[in-house]
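When you get a sec, could you build the whole thing from the sequences and use the hints?
Taken in order, these protein sequences are the chains called P and H. Numbering follows my numbering, with no gaps: position 51 of the first sequence is 587. Numbering follows my numbering, with no gaps: position 72 of the second sequence is 634.
If you are wondering where the hints come from, they were derived from the structure by calculation, not from laboratory data. Check before you lean on any hint, since a few could be wrong.
[Claimed, not checked] Each computed BS3-like pair below joins lysine-lysine, with the alpha-carbon atoms no more than 30 Å apart:
| # | chain 1 | residue 1 | chain 2 | residue 2 |
| --- | --- | --- | --- | --- |
| 1 | H | Lys619 | H | Lys576 |
| 2 | H | Lys633 | P | Lys632 |
| 3 | H | Lys571 | P | Lys632 |
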Amino acid sequence: GIQVEQSPPDLILQEGANSTLRCNFSDSVNNLQWFHQNPWGQLINLFYIPSGTKQNGRLSATTVATERYSLLYISSSQTTDSGVYFCAVVTRGFQKLVFGTGTRLLVSP
Amino acid sequence: NAGVTQTPKFQVLKTGQSMTLQCAQDMNHNSMYWYRQDPGMGLRLIYYSASEGTTDKGEVPNGYNVSRLNKREFSLRLESAAPSQTSVYFCASRNHGTYEAFFGQGTRLTVV
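Written out as structure tokens, the structure is:
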């Protein structure tokens, strides 16, 4: 089946720093989403981005489908950005929604 | 617009007991999914339903059964709970048109 790998697995930042999270996937996909799981366990939709670039405030994402990767940029990080960031892809044909391994982010004041 | 609603939010079971986790969505989505998330881990797919009347196994289906009751509802049943099934369970639904998925709040299940 498709493999979805995220890097880095853990990231510690000072408030105000910028960061880039990466998601690599091993096969063609119909869709890619980025989620933030907050410290209370809630999964929050950040981006639906099968290709191209999108921005939402301090966050932006880019997916290069032909090269099978996506990047999530966080600028001017805040303590509320802490949590786990997941990418997830929809596999062609089988319609499964497969999650990546996650990046755990801790932003300290 | 409630989105995806899971019940219950918390549950404690004794080993060997059975229970059904309920999930309902009001977005007219075709696909629905059940995941489990163990502490410090990612989400693993248990079962999914690409459309009403169909269900398929995911990565970790053993010990679970599902029912796609209608387009809105997708339930997950544990017939004989085991401590290894202690986890947080998430339900999701997905729009076939945009492919975007939405998640419920999760059910925290403890089996003692």
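Quick rundown of the hints versus the structure:
no.	hint	in the structure
1	H:Lys619 <-> H:Lys576	26 Å, holds
2	H:Lys633 <-> P:Lys632	17 Å, holds
3	H:Lys571 <-> P:Lys632	25 Å, holds
Violated hints for the displayed structure: none, as all numbered hints are satisfied.
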